[in-house]
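Novice: Letter by letter, the chains look like this.
Number of protein chains: 2
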Amino acid sequence: MSVTRPPASAPGSTSSLKAANQHRVLDALRDAQVEDDAPTQAELARVTGLAPATVSNIVRELAAAGLVDTVPGSGRRGSAVRLSSRAGVVAGIDFGHSHVGVAVGDLGGRVLAEERARTPDTLGHEQALALASSILTRLLDERGPLRHVGLGLPAPVKNNVVRSAAIFPGWDEVDTSSAAEAVFGVPVDVENDANLGALAEHRQGNGRGHSTSVFVKIASGVGAGIIVDDKLFHGADGTAGEIGHLTINEQGPMCRCGSRGCLETYTSSEHILRLVATTLPDATLQDLVTEATSGNVSAQRALEDAGLHLGWALASLVNLLNPSIVIVGGEMVSAGDLLLEPARTGLRRHALDAVAQTPIVASGLGQRASMVGAVLLAAERTELVSD
Amino acid sequence: MSVTRPPASAPGSTSSLKAANQHRVLDALRDAQVEDDAPTQAELARVTGLAPATVSNIVRELAAAGLVDTVPGSGRRGSAVRLSSRAGVVAGIDFGHSHVGVAVGDLGGRVLAEERARTPDTLGHEQALALASSILTRLLDERGPLRHVGLGLPAPVKNNVVRSAAIFPGWDEVDTSSAAEAVFGVPVDVENDANLGALAEHRQGNGRGHSTSVFVKIASGVGAGIIVDDKLFHGADGTAGEIGHLTINEQGPMCRCGSRGCLETYTSSEHILRLVATTLPDATLQDLVTEATSGNVSAQRALEDAGLHLGWALASLVNLLNPSIVIVGGEMVSAGDLLLEPARTGLRRHALDAVAQTPIVASGLGQRASMVGAVLLAAERTELVSD
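As you go down the protein sequences, you meet chains A and B in turn. For the first sequence, full-length UniProt numbering gives the first residue as 1, with consecutive numbering after it. For the second sequence, full-length UniProt numbering gives the first residue as 1, with consecutive numbering after it.
Source of the hints: derived by calculation from the structure; they are not laboratory data. Among these hints, one or two may not hold up.
What the simulated footprint calls covered on chain B by chain A, stretch by stretch (three residues with Cβ under 8 Å from a Cβ of chain A suffice, anywhere in the stretch; the number is not a length) [to be verified]:
1) 198–212
2) 286–297
3) 315–321
4) 352–362
Now the in silico label distances, taken between C-beta atoms and shown as ranges [unchecked claim]:
5) G209(A) with G252(B): 33 to 41 Å
6) D230(A) with G252(B): 34 to 42 Å
7) P253(A) with T345(B): 15 to 23 Å
8) G209(A) with G209(B): 28 to 36 Å
All figures in this text were calculated on a predicted structure; none of them were measured in a lab. Note that beta-carbon positions come from the ideal geometry of N, C-alpha and C, so glycine has one too.
All chains should be built: construct the whole structure from the sequences, respecting the hints.
Specialist: Okay, structure coming up:
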């Protein structure tokens, strides 16, 4: 269930087998913690497929290292095992064009405290990190020690560096992980925000149980995170999932990416508000949804067209990737079925019949998805044991 | 390097470790055989990461079972190990709308003999299998025993069954693997033909060394096979890779899939020949390419437009999947750069700048790609040792 795990250096050897088995037990404890469950050693053996004696040895070693606590069982139930709070906490930070979300979580990836703040969209990366750091310090309070930070950005990210000046200017070509490690003093993993949303939905949201799934984030930008074989899929250079820049109409509006008629120019919140400005000047997204709900035909039409175009791009995606579910998040999902129902129609019109019924559902985690994903990333990347 | 390997039933146990190590050695021998190489035990230890003593034990067991031969080394070079010819052969069969390709290969996936025949496009699946069987019998000659068959079909395949009446009528809803096993008397694995092409290019062609790559087959139909993490990617139901049905123009020509303006209606050989019929009636694809090469502007324009549209669809694919290479095969690739150069232009116009330079190259295996992939599939799926 790990996002990416460095390959063991000596596959098939006894020592790498031991490290792999330790990780297996820790991953199972993380999964259990999400469910608020503390498994017995017998249950751990069943879930991991390891021999009871092996599990018993591993739990004893992890307890000695202060990473797990064992809690006496009651009746015939053996003692339960859980990740220890003494083992520390992690943080997840989600930067957007005009917000930052910060959360502290336990090593199981559960959020313990969180805060969201609006930011000016001209914020450079140094000020943004300083702001996140001050929020984090407040949230950490008595909690600690901080072990790892996960950080999300709304741009293609390759080896911790933003790879598009056009998409997220304040961070272009910045070695984000080094800059953030200097601020937070712990290891930092950087990831595209839609990828983090996909991770969050897969582990804790509507993507649970789907080994191949897609999360599409629709806000001022549009991007997707792809889960393949229960892991985040990055492609060769880390830029996979850029659904917002699929061409819908090659003579369509200019897009900030330099191409024309991209999905983003039809479906982003920014575009839709510009589209309805003639009839609803200065409307916010919430105003637009309220108007559409109360029968305003231009508001309804704007959302319907955005949904049909979204469905068209999702058809390309399901034709190519065949996920078992598509989860839509980001602020645009506040439009609910006003957006998703035409998206389903668009999917049916444009996808091969074999995949035209792929479910399109709203995110259960809402605007928190990327921040929750950043906490999960940090929890899963925390090195609890040295291999 | 295996396509899909059934999960070991008891992960982390000693017996599953032993089976995994045996497979690791066999996979390394298969890879070496592709290079016409027979590694020493020391080389096997280095490639597999296993201890020399472990490799030595495994080789002794496999030799005793007649699966590998050891050949005395010369000078300071230790004895070499190769898959034994006594261990049997496999077959690969590639069915198209108007052809069948049949090959016999060794357990390393190397083709030993092959034959290609034209077929009427009304052929039902029973006649098609009978024809392939008669060719295979001739090719097997003295070779044997036949261990496994890989079979490719130009349609979405889900659990060995064709999932589209519209795409490949003679086989719709047929349990292809059972039907073929009744004819050939050995286990049969069925796979989409573009997926087999992707496998062949990844193992033996221009996709070597690319852990994320895409093979696009352009003939009377258009489909893609996707390699992720050095393995064939199938999606949730096995239908991933249907690039031919990406919508380019929602008011475009009706497609056989029931949608409109699919890539296939702009880029398939069938479409292009129909398009140029006004100026080049009854031209074959070869005629068209010859005309274009000698300066016929309508032939050049038809290929250029097909290429630009191909590039557009490839842009969707590289935006979503970020492969490190795109390999184009199928009969249309005989047009070479007359098709691929405009495809590169289309990619640059429609893809995000981060991925706009993804290489687009012609298949090195040509029309043989799917058949070679079928042999590789059969070789990799052959159960040499029981877990």
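Novice: Run through the hints listed earlier and report the numbers of any the structure violates, in increasing order.
Specialist: 2
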